[in-house]
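Fit chains B and C to the known structure of chain A by using the hints.
Each protein sequence line maps, in turn, to chains A, B and C.
So the first sequence is numbered by UniProt numbering: it starts at 1 and just counts up by one.
So the second sequence is numbered by UniProt numbering: it starts at 1 and just counts up by one.
So the third sequence is numbered by UniProt numbering: it starts at 1 and just counts up by one.
For the record, the hints were derived by calculation from the structure and aren't laboratory data.
A portion of the hints provided could be inaccurate.
Just the calculated beta-carbon pair ranges, DEER-fashion [stated by the list, open to error]:
#, chain 1, residue 1, chain 2, residue 2, range
1, B, T69, C, R113, 20 to 30 Å
2, A, V29, B, S129, 41 to 51 Å
3, B, E185, A, L148, 32 to 42 Å
4, A, P103, C, Q203, 27 to 37 Å
5, A, V29, B, E185, 28 to 38 Å
6, C, D126, B, P68, 18 to 28 Å
7, B, K154, C, R113, 15 to 25 Å
8, C, R113, B, P68, 50 to 60 Å
9, C, Q203, B, M219, 19 to 29 Å
10, A, E71, B, K154, 35 to 45 Å
11, B, G70, A, L16, 34 to 44 Å
Derived pair list, reagent style SDA-like, types lysine to any residue, alpha-carbon separation capped at 20 Å [to be verified]:
#, chain 1, residue 1, chain 2, residue 2
12, B, K154, C, E43
13, C, K308, B, E208
14, B, K200, C, E311
15, B, K186, A, E263
16, B, K154, C, L285
On a predicted model such as this, the values are computed, not experimentally measured, just so you know.
We put the CB at the ideal spot given by N, CA and C, even for glycine.
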Amino acid sequence: MDAQSSVSEFKGIQPLEYFQQHIENGIRVDGRRSLHDFRPVTISQGTISSADGSAVIKQGNSVFVCGIKLELAPPNPNEQNKGFIVANVDLPPLCHSQFKPGPPSEQAQVASKFVKEVLENSGIVKLEDLNIKEGKLSWVVNVDIMCLNHDGNVLDCALKALLMAFTDLTLPEVTLQEDDEAVVETGGKIVVNNEKRSKLTLHSKPIACSMAIFDEKILVDPTEQEEALAESLVTVVLDANSGDLVHFYKPGGSSISRQKMQECTGLAKKQYKTIAKSIDQAGVVTKMDSKQSK
Amino acid sequence: MPVKDKALELRPLFAQLGLLGHTDGSVMFSLGQTAVICGVYGPAEVKPHKERLEGATVEISLRPPSGPTGLQEKAKEAVLKGLVESSILGSLHPRTSVFVSLQPLDMDGGELAAAVNATCLALMDCSISMRCLFASVEVTRTEDGIILLDPSQKQATKAVAKATFVFESVNQDVLASHLEGRWSEKAFQAGLQAALDGSKAIFQFYRETVKRKFSKELMMK
Amino acid sequence: MRDVPLSNLERQFLLDALEESKRLDGRSTPQRRPLELHFGRVEGTALVSVGETQSDHASLVYAQASASIAEPAVSRPIEGMLNIFVTYCGSAAARFADAAGTAGGDEAVEVTRLLERCLKESRCLDLESLCIVAEEKVWQIRLDVNILSAAAGGVADAASVAALAALAHFKRPEIHPVSERDPVALAIHHYPVLSTFAFFNRQKSGSNAEKIVCVDPTWQEEQVMAGKIVFGVNPYREICTLHLAGQLLIDKSVVLRYAHVASQHAKSVVDLIKNQLHEDTQKRLAGQTEEIGFAFAFKQNSILQNVKPAEMVSTANLEHV
Numbered sequence: 001m002d003a004q005s006s007v008s009e010f011k012g013i014q015p016l017e018y019f020q021q022h023i024e025n026g027i028r029v030d031g032r033r034s035l036h037d038f039r040p041v042t043i044s045q046g047t048i049s050s051a052d053g054s055a056v057i058k059q060g061n062s063v064f065v066c067g068i069k070l071e072l073a074p075p076n077p078n079e080q081n082k083g084f085i086v087a088n089v090d091l092p093p094l095c096h097s098q099f100k101p102g103p104p105s106e107q108a109q110v111a112s113k114f115v116k117e118v119l120e121n122s123g124i125v126k127l128e129d130l131n132i133k134e135g136k137l138s139w140v141v142n143v144d145i146m147c148l149n150h151d152g153n154v155l156d157c158a159l160k161a162l163l164m165a166f167t168d169l170t171l172p173e174v175t176l177q178e179d180d181e182a183v184v185e186t187g188g189k190i191v192v193n194n195e196k197r198s199k200l201t202l203h204s205k206p207i208a209c210s211m212a213i214f215d216e217k218i219l220v221d222p223t224e225q226e227e228a229l230a231e232s233l234v235t236v237v238l239d240a241n242s243g244d245l246v247h248f249y250k251p252g253g254s255s256i257s258r259q260k261m262q263e264c265t266g267l268a269k270k271q272y273k274t275i276a277k278s279i280d281q282a283g284v285v286t287k288m289d290s291k292q293s294k
Numbered sequence: 001m002p003v004k005d006k007a008l009e010l011r012p013l014f015a016q017l018g019l020l021g022h023t024d025g026s027v028m029f030s031l032g033q034t035a036v037i038c039g040v041y042g043p044a045e046v047k048p049h050k051e052r053l054e055g056a057t058v059e060i061s062l063r064p065p066s067g068p069t070g071l072q073e074k075a076k077e078a079v080l081k082g083l084v085e086s087s088i089l090g091s092l093h094p095r096t097s098v099f100v101s102l103q104p105l106d107m108d109g110g111e112l113a114a115a116v117n118a119t120c121l122a123l124m125d126c127s128i129s130m131r132c133l134f135a136s137v138e139v140t141r142t143e144d145g146i147i148l149l150d151p152s153q154k155q156a157t158k159a160v161a162k163a164t165f166v167f168e169s170v171n172q173d174v175l176a177s178h179l180e181g182r183w184s185e186k187a188f189q190a191g192l193q194a195a196l197d198g199s200k201a202i203f204q205f206y207r208e209t210v211k212r213k214f215s216k217e218l219m220m221k
Numbered sequence: 001m002r003d004v005p006l007s008n009l010e011r012q013f014l015l016d017a018l019e020e021s022k023r024l025d026g027r028s029t030p031q032r033r034p035l036e037l038h039f040g041r042v043e044g045t046a047l048v049s050v051g052e053t054q055s056d057h058a059s060l061v062y063a064q065a066s067a068s069i070a071e072p073a074v075s076r077p078i079e080g081m082l083n084i085f086v087t088y089c090g091s092a093a094a095r096f097a098d099a100a101g102t103a104g105g106d107e108a109v110e111v112t113r114l115l116e117r118c119l120k121e122s123r124c125l126d127l128e129s130l131c132i133v134a135e136e137k138v139w140q141i142r143l144d145v146n147i148l149s150a151a152a153g154g155v156a157d158a159a160s161v162a163a164l165a166a167l168a169h170f171k172r173p174e175i176h177p178v179s180e181r182d183p184v185a186l187a188i189h190h191y192p193v194l195s196t197f198a199f200f201n202r203q204k205s206g207s208n209a210e211k212i213v214c215v216d217p218t219w220q221e222e223q224v225m226a227g228k229i230v231f232g233v234n235p236y237r238e239i240c241t242l243h244l245a246g247q248l249l250i251d252k253s254v255v256l257r258y259a260h261v262a263s264q265h266a267k268s269v270v271d272l273i274k275n276q277l278h279e280d281t282q283k284r285l286a287g288q289t290e291e292i293g294f295a296f297a298f299k300q301n302s303i304l305q306n307v308k309p310a311e312m313v314s315t316a317n318l319e320h321v
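Here chain A stands alone, though its shape is the one from the complex (with noise of 0.2 Å):
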């Protein structure tokens, strides 16, 4: 009891020193046993019934939802044979206490431009796949990525989200019936038949590894409480169908050497695969969380 209390102490008035220490043991605060270990995470597809696509994924204490709506629209002028796709990343008050209602917060509008960064650079799904008839009518691909629950990890997390919705989209049959004149606003000509539908063509499967640096040590999937006290952050996100680098995003911080660099893509290469195994059989990780939870 009296130990128990004195460490609540120690936690309390001196965080990081609380830190540090657990940090030089190589052990982390929310009881890791390495530095480079993942938190557990729980995925599963297809919540939200009236979302075309959709995933809740929890890493640690980090709840994300995203869903997809799809929505059609004649293309852009300039891109005739090319549909939209529209991603957002909301960090509301629910979340953490640090976000205030009102217009999207800067580390939100921050993740929206991430996610819309990693779209671009994977090329994970091809724009003129999302076209249905050449300078009349195209899918718009609504993202939203919603935050429940924030400790830590936002980037990665949003990304798992996005990627397993993405597997989860189907898009209905749609058929254009008189294709001289047809024009999105006159909807009777366009049939969209909801009960055939199909998956789209994913052309890449990129997985966000981020990690906090603190003493010269990395952190991989840091909580909340370390990315506060990290000296700077880093996410390094790899395409696990190519290998290739997809992103190496590092927004200010503290400097880090190249030869650190290369071990945080190193650490991101380790990582990868194993989450990539994980996200491929989405349904059975989940359905084994449940069983071990009984």
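This is chains B and C only, laid out in the frame that chain A set:
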């Protein structure tokens, strides 16, 4: 395919300090034909709700050349904020504000790199104590696997991937990085090396610029 | 640098000097400051500086025109649109330094209104030529005017020159496919330019005495003046805008007299724009790409400047990576 003559060339650099009268430090900086104007206020009075006890509050305002401020500017602001926070000695000036205002004038490739370098020069003109300087260079990779250092818009048309790196002046370590497109690991390392070589020339340019600024005072001594 | 208001002593000194027709910067009262205009590499961009150009005692205004396709207003189905946005950048003065992006408050509103009246409501731009399909698609021209420095005052005058120059320099794309046809310049009917005249009351004689008038006031004079007239006049001496601010009662003959002065200013500004535009076009035609753009325009011999030529910085073998 032979390496293009200008593949590893850094475009001409230009800087004019102290252009904006009402700021504490300012610069017009150009990298080839990409031009940016940057003004800095600080350390100055801070608004009570932004006050920090442990150091200076850094704010960045990057305006797009036209249209309302969008996500792209916000993302660049976030990168610049991180850079300024980690390079100035903010703890020397607690409860103050350091405000950086940037306006891109001409865009001809390497916009983020130019904004970063302009910010560093403006901070130097402002005489804020810094733990290190920082310099940024953009590199691109063409489909044939050729790395181009600091390409203009025209040179970059064939590029399939871009990367912007920011280095600090003390250990030449990486302060920030930003990628567009896919990079194989080997190409990434090569690009990083080229950018590092480019950044050294920029640090030299900073040194000369400041030397010129104080040349009269130096002569008197 | 904090915004420091003028002290009473400074105000009094300024007024006393004006009484003897002397101004702080050594100008005579009807004299304007030099104005410098540069065009950017991108078509439709202009940078204007007023005052001791290329020094920290200059006001600096940047304008950029851009075009997009939009639906026309119901009341004007065959006309394109011109929208003007004026922003005081954080660097203009410490009071504008706010990351939340205050547009510059009342001052920005005043300049926006003046530019709208001068450029939009005078219909200097041929909006009908911007129509693509009546009632469906028209070109929407967006004019962003960013005030980078207000250190020398005279912001409205400089903004009008920058805005007009940006419009004259701009080329909108021909209807798609964009790449196949050369972009076309905008059709401009006439070139109205703003000129500001500051009025000061004489201190010794009565209130009926003629007021002291300063052309192109500095920021200090703007703080002290009793009121001002802003004219928007084109070189044909047609008045497009007349803006009277402050506590002023002015005889109509005075208005006419200064309108004449303003039109002379307009003529010289329009000549400047046309000359610079001609030079810019020549350089573009001759393919002297390195001589266009702001970077080239600013080069001069000053210890505050530094130039480094292009340099091979790396010899690493980066082929076929």
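Taking the hints in turn, this is what the structure says about them:
1. Look at T69 (chain B) against R113 (chain C): about 22 Å separates their beta carbons, and that is inside 20 to 30 Å.
2. Distance hint for V29 (chain A) and S129 (chain B): a CB-CB separation of about 34 Å, inconsistent with the stated range 41 to 51 Å.
3. A beta carbon spacing of about 35 Å between E185 (chain B) and L148 (chain A) agrees with the range 32 to 42 Å that was offered as a hint.
4. Distance hint for P103 (chain A) and Q203 (chain C): a CB-CB separation of about 51 Å, inconsistent with the stated range 27 to 37 Å.
5. Restraint check, V29 (chain A) to E185 (chain B): a C-beta distance of roughly 32 Å satisfies the suggested window 28 to 38 Å.
6. D126 (chain C) and P68 (chain B) have their C-beta atoms about 27 Å apart, which keeps the hinted 18 to 28 Å range intact.
7. Checking the proposed 15 to 25 Å range against K154 (chain B) and R113 (chain C) shows it is violated: the Cβ atoms sit about 40 Å from each other.
8. Between R113 (chain C) and P68 (chain B), the C-beta spacing of about 20 Å breaks the proposed range 50 to 60 Å.
9. For Q203 (chain C) paired with M219 (chain B), a C-beta distance near 47 Å fails the hint of 19 to 29 Å.
10. At roughly 37 Å, the beta-carbon separation of E71 (chain A) and K154 (chain B) lies within the given 35 to 45 Å, and the hint holds.
11. For the hinted restraint 34 to 44 Å between G70 (chain B) and L16 (chain A), the CB-CB distance of approximately 37 Å keeps it satisfied.
12. Distance hint between K154 (chain B) and E43 (chain C) is fulfilled; the C-alpha atoms sit about 16 Å from each other, no more than 20 Å.
13. Of the pairs offered as hints, the one joining K308 (chain C) and E208 (chain B) holds, with about 10 Å between alpha carbons and a cut-off of 20 Å not exceeded.
14. Only pairs whose Cα atoms come within 20 Å are accepted, and K200 (chain B) paired with E311 (chain C) is accepted, the gap being roughly 12 Å.
15. Between K186 (chain B) and E263 (chain A) the alpha-carbon distance is near 14 Å, which keeps this suggested pair within the 20 Å criterion.
16. Proximity of K154 (chain B) to L285 (chain C) is assessed by CA-CA distance (about 17 Å); at most 20 Å being required, the pair is judged to hold.
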